[in-house]
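Q: Sequence:
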Amino acid sequence: MVRLHKLKWHKSEKGCLKDIIIVATIVVLLASFGCLMVYSASFYSAEYHYGNKYFFLFKQIMGVVLGIFAMIFFTFFDYHYLKKLKWWIIAFTLVLLALVFVPGIGMESYGAKRWISVFGFSIQPSEIAKFSLVIFIASYMSDNHEKVKTFKGLLPVLIVGGIICVLVMIEPSMSVTMCIAFVTLFMLIIGGMSKKHTLMFSIPAAALVPVLIIVEPYRLKRLMAFIDPWASPQGEGFQLIQSLYSLGDGGLFGVGIFNSRQKYLFLPFAESDFILSIIGEEIGFLGLTIFLMIYLFLTYKLIKIGLRAKDRFGTMLACGVAFIISVQTLLNVAVVTGSIPPTGLPLPFISSGGTSVMVFMGAIGICLNVLRQSKNK
Numbered sequence: 005m006v007r008l009h010k011l012k013w014h015k016s017e018k019g020c021l022k023d024i025i026i027v028a029t030i031v032v033l034l035a036s037f038g039c040l041m042v043y044s045a046s047f048y049s050a051e052y053h054y055g056n057k058y059f060f061l062f063k064q065i066m067g068v069v070l071g072i073f074a075m076i077f078f079t080f081f082d083y084h085y086l087k088k089l090k091w092w093i094i095a096f097t098l099v100l101l102a103l104v105f106v107p108g109i110g111m112e113s114y115g116a117k118r119w120i121s122v123f124g125f126s127i128q129p130s131e132i133a134k135f136s137l138v139i140f141i142a143s144y145m146s147d148n149h150e151k152v153k154t155f156k157g158l159l160p161v162l163i164v165g166g167i168i169c170v171l172v173m174i175e176p177s178m179s180v181t182m183c184i185a186f187v188t189l190f191m192l193i194i195g196g197m198s199k200k201h202t203l204m205f206s207i208p209a210a211a212l213v214p215v216l217i218i219v220e221p222y223r224l225k226r227l228m229a230f231i232d233p234w235a236s237p238q239g240e241g242f243q244l245i246q247s248l249y250s251l252g253d254g255g256l257f258g259v260g261i262f263n264s265r266q267k268y269l270f271l272p273f274a275e276s277d278f279i280l281s282i283i284g285e286e287i288g289f290l291g292l293t294i295f296l297m298i299y300l301f302l303t304y305k306l307i308k309i310g311l312r313a314k315d316r317f318g319t320m321l322a323c324g325v326a327f328i329i330s331v332q333t334l335l336n337v338a339v340v341t342g343s344i345p346p347t348g349l350p351l352p353f354i355s356s357g358g359t360s361v362m363v364f365m366g367a368i369g370i371c372l373n374v375l376r377q378s379k380n381k
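When we follow the working numbering, the leftmost residue of the sequence shown carries the number 5, and every step to the right adds one.
Since the hints were made in silico from the structure, they are not lab data.
Values in this document were obtained by computation on a predicted structure and should not be read as measured data.
This list has only true hints and no planted wrong ones.
Derived lysine-lysine pairs resembling DSS-like cross-links, with alpha carbons at most 30 Å apart:
id, residue 1, residue 2
1, Lys314, Lys90
2, Lys151, Lys90
3, Lys305, Lys87
4, Lys308, Lys199
5, Lys305, Lys63
6, Lys199, Lys156
7, Lys90, Lys199
8, Lys199, Lys151
9, Lys314, Lys22
10, Lys314, Lys153
11, Lys308, Lys153
12, Lys200, Lys151
13, Lys308, Lys88
14, Lys90, Lys200
15, Lys22, Lys305
16, Lys153, Lys199
17, Lys314, Lys199
18, Lys308, Lys151
19, Lys308, Lys200
20, Lys153, Lys305
21, Lys200, Lys156
22, Lys87, Lys308
What follows is a list of derived Cβ distance ranges for each label pair:
id, residue 1, residue 2, range
23, Pro208, Tyr54, 40 to 50 Å
24, Lys200, Leu33, 42 to 52 Å
25, Thr154, Leu311, 23 to 33 Å
26, Lys151, Pro208, 20 to 30 Å
27, Ala102, Ile344, 21 to 31 Å
28, Leu159, Phe270, 44 to 54 Å
29, Thr341, Asn263, 14 to 24 Å
Where a beta carbon is used, it is the ideal one built from N, C-alpha and C, also for glycine.
Could you build the full structure based on these sequences and the hints that come with them?
A: If you want it as structure tokens, here you go:
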């Protein structure tokens with residue numbers, strides 16, 4: 005039977021209480037700001053398409069509430085049990101990823117099968133897969149930190165990670181696949197993978213990216229739109245152009261909360277993948293800079309938690325969560341600013357999506373539990 009930690013704070017934990025409060029407060033504030041911005045970015049399109057301007061807001065609030073419960077639960081749940089459950093977690097994740105292709109269970113939107121319907125609620129398994137893989141890699145690397153210096157020792161991680169990447173890629177979701185691949189590489193590096201193996205895996209992976217773009221016509225079109233969005237201003241380049249308009253319109257100080265103009269059906273997916281454009285339009289360059297600095301500070305705190313962990317498993321877990329947040333945020337920023345080709349990847353804690361915000365907040369709870377059990381420094 006899985007036991008929960010006693011809710012009573014011990015003396016060894018009191019020194020960590022301040023950091024726990026800081027991290028939890030940052031996450032709750034980010035999620036709350038996300039609800040505000042989801043409403044601002046979506047009320048017009050929600051009213052237009054669904055006849056309810058609160059359609060996306062209600063779903064986001066539900067995700068945040070469940071996320072808070074998940075964060076509290078995992079804060080007091082001994083993270084070492086995750087190591088014992090790693091194979092069950094991976095098996096459950098693979099089943100979820102496979103279910104998106106089952107008719108009647110999987111849900112398709114804009115040609116992608118990334119969701120499953122459970123009791124009337126939609127779940128995006130790829131969001132869960134990122135953190136399931138982090139748990140598996142952290143567990144394996146902590147128990148086999150000497151073996152991972154050999155190719156044979158790396159095989160279990162490469163096989164599990166490869167299967168997950170393939171299932172996510174054929175949904176298709178190249179952006180999530182890239183995020184998973186980056187995080188896997190970072191965790192292997194901090195787990196002790198040799199420089200020779202780092203190059204051995206990095207170079208072919210980098211060479212595979214253009215191949216994956218070429219084999220899918222829609223990806224090639226997106227690449228062309230990235231290179232010159234004005235070549236197809238009403239086609240593939242439309243979304244990027246509207247995103248740049250939105251950021252440019254915000255100027256230094258922004259047009260004010262709720263005053264964005266691009267959300268009036270000009271910018272597609274304004275409440276999800278491109279919500280950062282609306283944020284930049286409404287709070288301006290200075291506000292956006294402060295906003296992104298909060299992510300940087302959160303990443304710093306999570307890495308610090310990892311460095312204070314009492315064991316290698318805790319270190320790998322906290323750093324893995326930090327890597328996911330930072331990589332996904334950087335990729336989202338790069339997309340909306342036209343720094344990389346457009347691809348769908350939500351902004352952590354902010355973009356519309358109940359599964360995403362709930363899973364991210366639960367992952368923060370795991371980090372807080374690592375902190376509760378950390379060494380005193």
